[in-house]
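Asks: Each chain is listed here by its residues.
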Amino acid sequence: GESVGLHLPTLSVQEGDNSIINCAYSNSASDYFIWYKQESGKGPQFIIDIRSNMDKRQGQRVTVLLNKTVKHLSLQIAATQPGDSAVYFCAEANTGNQFYFGTGTSLTVIP
Amino acid sequence: DTAVSQTPKYLVTQMGNDKSIKCEQNLGHDTMYWYKQDSKKFLKIMFSYNNKELIINETVPNRFSPKSPDKAHLNLHINSLELGDSAVYFCASSPRWGASEKLFFGSGTQLSVL
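If you're matching them up, the sequences are chains A and B in order. Per the numbering used here, the very first residue in the first sequence carries number 1; after that it's consecutive. Per the numbering used here, the very first residue in the second sequence carries number 112; after that it's consecutive.
No lab work stands behind these hints, which were simulated from the structure alone. Any given hint could turn out to be false.
To be verified - DSSO-like cross-link-like pairs, simulated, lysine-lysine; straight-line CA separation at most 27 Å:
{"hint": "1", "chain 1": "A", "residue 1": "K42", "chain 2": "B", "residue 2": "K213"}
{"hint": "2", "chain 1": "A", "residue 1": "K56", "chain 2": "B", "residue 2": "K147"}
{"hint": "3", "chain 1": "B", "residue 1": "K147", "chain 2": "B", "residue 2": "K120"}
{"hint": "4", "chain 1": "B", "residue 1": "K120", "chain 2": "A", "residue 2": "K68"}
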């Protein structure tokens, strides 16, 4: 199987600060990457995605950065809010829809 | 309207029993999946179906038998349940196979085998 890993299993940030969640992937052939947010008792929810022909993509308060040279992906959340507390997963895919997920980072926002 | 819905939400059963989990998507997607999430939150693909046909079976024991009566439904039947089957099972769908598009997940079925 694929290896998609995270540098930090847990992250605590103060409300209003920016959060950065990192992810390493191992398959250089992966061409599509997604970040998901999973709140307690719920299924993963799509946050943002990026294809391998890009190195940065921005959404509402979130930015994904892709560094293909070192096979690294990061999710930046601006002005983190209590509602951002959740487990965040990165996932990589190649040759279509075969997704492999990382182990997740638990983000806790301190009011 | 719930895009991907799965039932039941919780399932508690004894070892050796047989149980089923149902999944339906109303997004018009061609592709559906079952994922297993263990106690450490790791999500692992089990099966992928495209237009009712099995595409991926990730070396899942044959006690697990998925069935797709039509492309909007993907059910999972588990025979002879074991303690190690305890996990949260997620159904997901995506528009088309091979297009690298995001997955839409259901809310999960928490299976506890006693």
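Asks: Each of the hints needs a verdict: does it hold here or not?
Replies: Outcome of the hint check:
{"no.": "1", "hint": "K42(A) - K213(B)", "in the structure": "holds, 17 Å"}
{"no.": "2", "hint": "K56(A) - K147(B)", "in the structure": "violated, 30 Å"}
{"no.": "3", "hint": "K147(B) - K120(B)", "in the structure": "holds, 14 Å"}
{"no.": "4", "hint": "K120(B) - K68(A)", "in the structure": "violated, 39 Å"}
Checked against the numbered hints above, the structure breaks hints 2, 4 and satisfies the rest.
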